[in-house]
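Trainee: Protein chains in written order, with this note's numbering: chain A, 1 to 312; chain B, 1 to 459.
Note that these hints are calculated values from the structure, not bench results.
Just so you know, these numbers come straight off a predicted model, no measurement behind them.
Every residue gets a Cβ at the ideal spot worked out from N, C-alpha and C, and that includes glycine.
Among the hints, erroneous ones may be present.
[As the list claims (entries may be wrong)] Which residues of chain B face chain A? A partial, calculated answer using Cβ under 10 Å:
id	residue
1	191
2	193
3	453
[Said to hold, decoys possible] Distance windows between CB atoms, simulated:
id	chain 1	residue 1	chain 2	residue 2	range
4	B	181	A	298	52 to 60 Å
5	A	30	B	293	52 to 60 Å
6	A	39	B	130	52 to 60 Å
7	B	130	A	53	46 to 54 Å
8	B	132	A	45	33 to 41 Å
9	A	77	B	437	28 to 36 Å
10	B	327	A	39	28 to 36 Å
11	B	194	A	53	52 to 60 Å
12	B	378	A	53	24 to 32 Å
13	B	130	A	135	50 to 58 Å
14	B	119	A	31	52 to 60 Å
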Amino acid sequence: MKGIMSSLSTPPRKRVGPTSWVRGGGLSNLIFLLPTLVVFGVFSWYPIGRAVVMSLQQTNLVTAAQWVGLDNFRHVLTDPLLLTALRNTGYFALLALIFGYPIPLVLAVLMSEVRRARGLYSALAYLPVVVPPVVAVLLWKFFYDASPTGVFNTVLGWFGIGPYPWLQNESTAMPSLVLEATWAAAGGTVIIYLAALTAIPPELYDAASVDGASIWKKVWHVTLPQLRGVLLLTLILQLIGTSQVFLEPYLFTGGGPSNSTMTILLLIYNYAFGQSLGGDFGAATALSVMLAVVLGVLSAGYFRLTRSWAAS
Amino acid sequence: MRSTRKAAIVLLSTTLSIGMLAACSSNKPAKTASKDGKVKLTIVSLKPGSEKAAIDTFNEQVKQFEDANPNIDLVPKEYEWKATTFAAQLAGGTLPQVFTIPFTDGKTLIQRKQLADLTSQVKALPYSANFNPKVLDAAQDSSGNIYGIPYAAYGVGLQYNRTLFKQAGLDPDKPPTSWDEIRADAKLIAEKTGKAGYSEMTQNGTGGWMLTTLTYALGGRMEQSSGDKVTASLNNPQTKAALQKLHDMRWVDNSMGSNFLLDWGGINQAFAAGRIGMYMGGSDVYTSLVQQNKINPADYGLAALPLDSSSDAGILGGGTLAVVSAKASQAQKDAAVKWIDFYYMRKLTEQDAATLDAKTLADGKQPVGTPALPIFDKATLDKSNAWIASYINVPLAQMKSFTDGVFSQNLIAEPAKNTQELYGVLDPVVQAVLTNKNADIDKLLDKANSDVQTILDRS
Numbered sequence: 001m002k003g004i005m006s007s008l009s010t011p012p013r014k015r016v017g018p019t020s021w022v023r024g025g026g027l028s029n030l031i032f033l034l035p036t037l038v039v040f041g042v043f044s045w046y047p048i049g050r051a052v053v054m055s056l057q058q059t060n061l062v063t064a065a066q067w068v069g070l071d072n073f074r075h076v077l078t079d080p081l082l083l084t085a086l087r088n089t090g091y092f093a094l095l096a097l098i099f100g101y102p103i104p105l106v107l108a109v110l111m112s113e114v115r116r117a118r119g120l121y122s123a124l125a126y127l128p129v130v131v132p133p134v135v136a137v138l139l140w141k142f143f144y145d146a147s148p149t150g151v152f153n154t155v156l157g158w159f160g161i162g163p164y165p166w167l168q169n170e171s172t173a174m175p176s177l178v179l180e181a182t183w184a185a186a187g188g189t190v191i192i193y194l195a196a197l198t199a200i201p202p203e204l205y206d207a208a209s210v211d212g213a214s215i216w217k218k219v220w221h222v223t224l225p226q227l228r229g230v231l232l233l234t235l236i237l238q239l240i241g242t243s244q245v246f247l248e249p250y251l252f253t254g255g256g257p258s259n260s261t262m263t264i265l266l267l268i269y270n271y272a273f274g275q276s277l278g279g280d281f282g283a284a285t286a287l288s289v290m291l292a293v294v295l296g297v298l299s300a301g302y303f304r305l306t307r308s309w310a311a312s
Numbered sequence: 001m002r003s004t005r006k007a008a009i010v011l012l013s014t015t016l017s018i019g020m021l022a023a024c025s026s027n028k029p030a031k032t033a034s035k036d037g038k039v040k041l042t043i044v045s046l047k048p049g050s051e052k053a054a055i056d057t058f059n060e061q062v063k064q065f066e067d068a069n070p071n072i073d074l075v076p077k078e079y080e081w082k083a084t085t086f087a088a089q090l091a092g093g094t095l096p097q098v099f100t101i102p103f104t105d106g107k108t109l110i111q112r113k114q115l116a117d118l119t120s121q122v123k124a125l126p127y128s129a130n131f132n133p134k135v136l137d138a139a140q141d142s143s144g145n146i147y148g149i150p151y152a153a154y155g156v157g158l159q160y161n162r163t164l165f166k167q168a169g170l171d172p173d174k175p176p177t178s179w180d181e182i183r184a185d186a187k188l189i190a191e192k193t194g195k196a197g198y199s200e201m202t203q204n205g206t207g208g209w210m211l212t213t214l215t216y217a218l219g220g221r222m223e224q225s226s227g228d229k230v231t232a233s234l235n236n237p238q239t240k241a242a243l244q245k246l247h248d249m250r251w252v253d254n255s256m257g258s259n260f261l262l263d264w265g266g267i268n269q270a271f272a273a274g275r276i277g278m279y280m281g282g283s284d285v286y287t288s289l290v291q292q293n294k295i296n297p298a299d300y301g302l303a304a305l306p307l308d309s310s311s312d313a314g315i316l317g318g319g320t321l322a323v324v325s326a327k328a329s330q331a332q333k334d335a336a337v338k339w340i341d342f343y344y345m346r347k348l349t350e351q352d353a354a355t356l357d358a359k360t361l362a363d364g365k366q367p368v369g370t371p372a373l374p375i376f377d378k379a380t381l382d383k384s385n386a387w388i389a390s391y392i393n394v395p396l397a398q399m400k401s402f403t404d405g406v407f408s409q410n411l412i413a414e415p416a417k418n419t420q421e422l423y424g425v426l427d428p429v430v431q432a433v434l435t436n437k438n439a440d441i442d443k444l445l446d447k448a449n450s451d452v453q454t455i456l457d458r459s
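Bound conformation, chain A alone:
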């Protein structure tokens, strides 16, 4: 009955024969798409599919794999380190949100107000993005030297502050990572905001000036509402990015001291490659799959919630 109803309610689909499909450009479309499909298929979709399969197996990739059902998921969910990693990742994301999110916006707004040498400021802001991330981390490792003769401690010492242990203490390690990550990432976001700022019609500012608005009021009533769409996008990108923080804890601290910078991605890496022999690829892929699902749901929910706000 339902089938009849639906076939009645939808217009009959025009059947496309093979000849007309080819004449209509279907084949040439497919041929043009083929290289991309093959490349994505071989290097992206196949490994992703394989990883999902592996999350249900126990394998060291050398001997034959065994199906273990949901054992890997159970193992990961009962691992006490998972809670530590979740907490640390949440802490990193929170700190990055508090410090890392507004800074690029403030910089971009200030830079857009500059009349001269704006290019120079843009270049300076973008410079950290050009430095290869590994090089940047090694450089900051020197800065974070915890002895009184370390770079940061020397500078702070001039003002009678410190010395601080930076990476060598459970409570200061994570904020230190956020500081470097913010420095490294701010430039890219600043450029996006600057581009969005140029798209704001100058008439709006002129009108605000005529109405006697101060700079602060202009920012609040004109700039921020106009940037709303971009701000929402960078927020979700930042949330996704910070939930997957890996490079900084891996290179700076290896998850230490005492697991205080152990993040979810680092835990995944450790499952797979941390032990010389215990490559637990099943647990690694199980946690990867769970993370991907959570982030997917988070993103979908976020866009649904903010759709009306972003468009208005």
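Keeping the supplied structure of chain A fixed, place chain B upon it in accordance with the hints.
Mentor: The following block gives chain B in isolation, referenced to the frame of chain A:
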């Protein structure tokens, strides 16, 4: 924004690399012969970042072997055993066919059928009956089949910087002989030079490795066996005492410097740069300190590790096995054992080979005569040292305390089961003690003990 892209790349590449490793690790038989009919064999060469002279010396030895064995084509690949990369290399099939592993991993790899059975080839070697049974055991399964050739053995010693000793007003020819002296000297070095008086490895499993060493030195053990059952005993009184020593040097004396996130490579680098007064390390580390860190030989000193008076106290010993991939063909296994015999073994057993090897190394300005423990017996070791005496270029006089003391010390093997995992669980414990003044040692060890017991039970 970049962090987003970066993180996305990392997640994707982690997923991809795990997936692609799976794709790469097919069980195709290895290609046996090159086009010219020669047996092609990939072998490990030196650690990445080695000095050019060391690489030239190695290549010279490859040439000598190929000249003597014209039907074998060797392809050297740089290699360094690292806990963090070994599993991936093994899984991805990117290890050379002949590679080296620590004693620690021998049994597990044999059990997982990841090493080639070399019994017949090894038995054919003229010295096969002379191996120290305790040493050869690391390469054997329960039926006595042999899967690797032990070629180097070490005992942990106390590495110390003679220059910092002098600067602190200490006599570099009289290194500390008790842990109380180590503590006092470390404090003095820190006060007089501003450098770390004593330092400890803490990362990538090395924290657990060295805590186990210190526990052994005080007479404790990390695992207890009873029949087939192995029980974790990480919360033993000696480990607690060991952590308390570290805690006091760090927080009472402030003599351990400011970097507490060091792995093997990191601590060697800092030591060679003159930033560390003393640390525990394998007796063979001098070679790496020269080849990778360009240490000034005048700075170097090696002492026997002070032991507690208890009869259970001893030094942690280990070593390296040369092994062959399970995928190697019969011809490759034959060639591999020939190469292992030529490069790793003959210098231990034959005068001509020993002197040729020593001369080649000495000509390349590479270390000759770094202290080692016997693979066969002490008499063989003494004999081979006598053959190369004229080429020895390492400052042996500065290692006298170790070479005089080590042979009377009780040598104890690493914990037998789930060793690397046990070390991994202990890393955060050591880090906590060194970075948190109020760390609760008892609580940390109890938790680590139950974590290790879970791992032992699971396997």
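Trainee: A separate judgement is required for each hint: does it hold in the structure or not?
Mentor: To see whether the hints hold, each was checked on the structure:
For the restraint placing residue 191 of chain B at the interface with chain A, the shortest Cβ-Cβ distance is roughly 14 Å, beyond the 10 Å limit, so the hint is violated. Violation of the interface hint for residue 193 of chain B is found here, the shortest Cβ-Cβ separation to chain A being roughly 12 Å, above the 10 Å cut-off. Hint status for residue 453 of chain B relative to chain A: violated, with the closest Cβ pair at about 14 Å, above 10 Å. In this structure the supplied range 52 to 60 Å holds for residue 181 of chain B paired with residue 298 of chain A, their Cβ-Cβ distance being about 58 Å.
In this structure, residue 30 of chain A and residue 293 of chain B meet the distance hint of 52 to 60 Å, their C-beta atoms being roughly 58 Å apart. In this structure, residue 39 of chain A and residue 130 of chain B meet the distance hint of 52 to 60 Å, their C-beta atoms being roughly 57 Å apart. Range check, residue 130 of chain B to residue 53 of chain A: about 50 Å between beta-carbon atoms, so the 46 to 54 Å window is met. Here the CB-CB span from residue 132 of chain B to residue 45 of chain A is close to 54 Å, at odds with the stated 33 to 41 Å.
One distance hint, 28 to 36 Å for the beta-carbon pair residue 77 of chain A and residue 437 of chain B, holds here, with the actual separation near 34 Å. For the pair residue 327 of chain B and residue 39 of chain A, the supplied restraint of 28 to 36 Å holds, since their beta-carbon distance comes to about 29 Å. Restraint check, residue 194 of chain B to residue 53 of chain A: a C-beta distance of roughly 56 Å satisfies the suggested window 52 to 60 Å. The hinted range of 24 to 32 Å is not satisfied by residue 378 of chain B and residue 53 of chain A, whose Cβ atoms lie roughly 54 Å apart.
Between residue 130 of chain B and residue 135 of chain A, the C-beta spacing of about 51 Å keeps the proposed range 50 to 58 Å intact. A C-beta distance of roughly 57 Å is found between residue 119 of chain B and residue 31 of chain A, which places it inside the suggested range of 52 to 60 Å.
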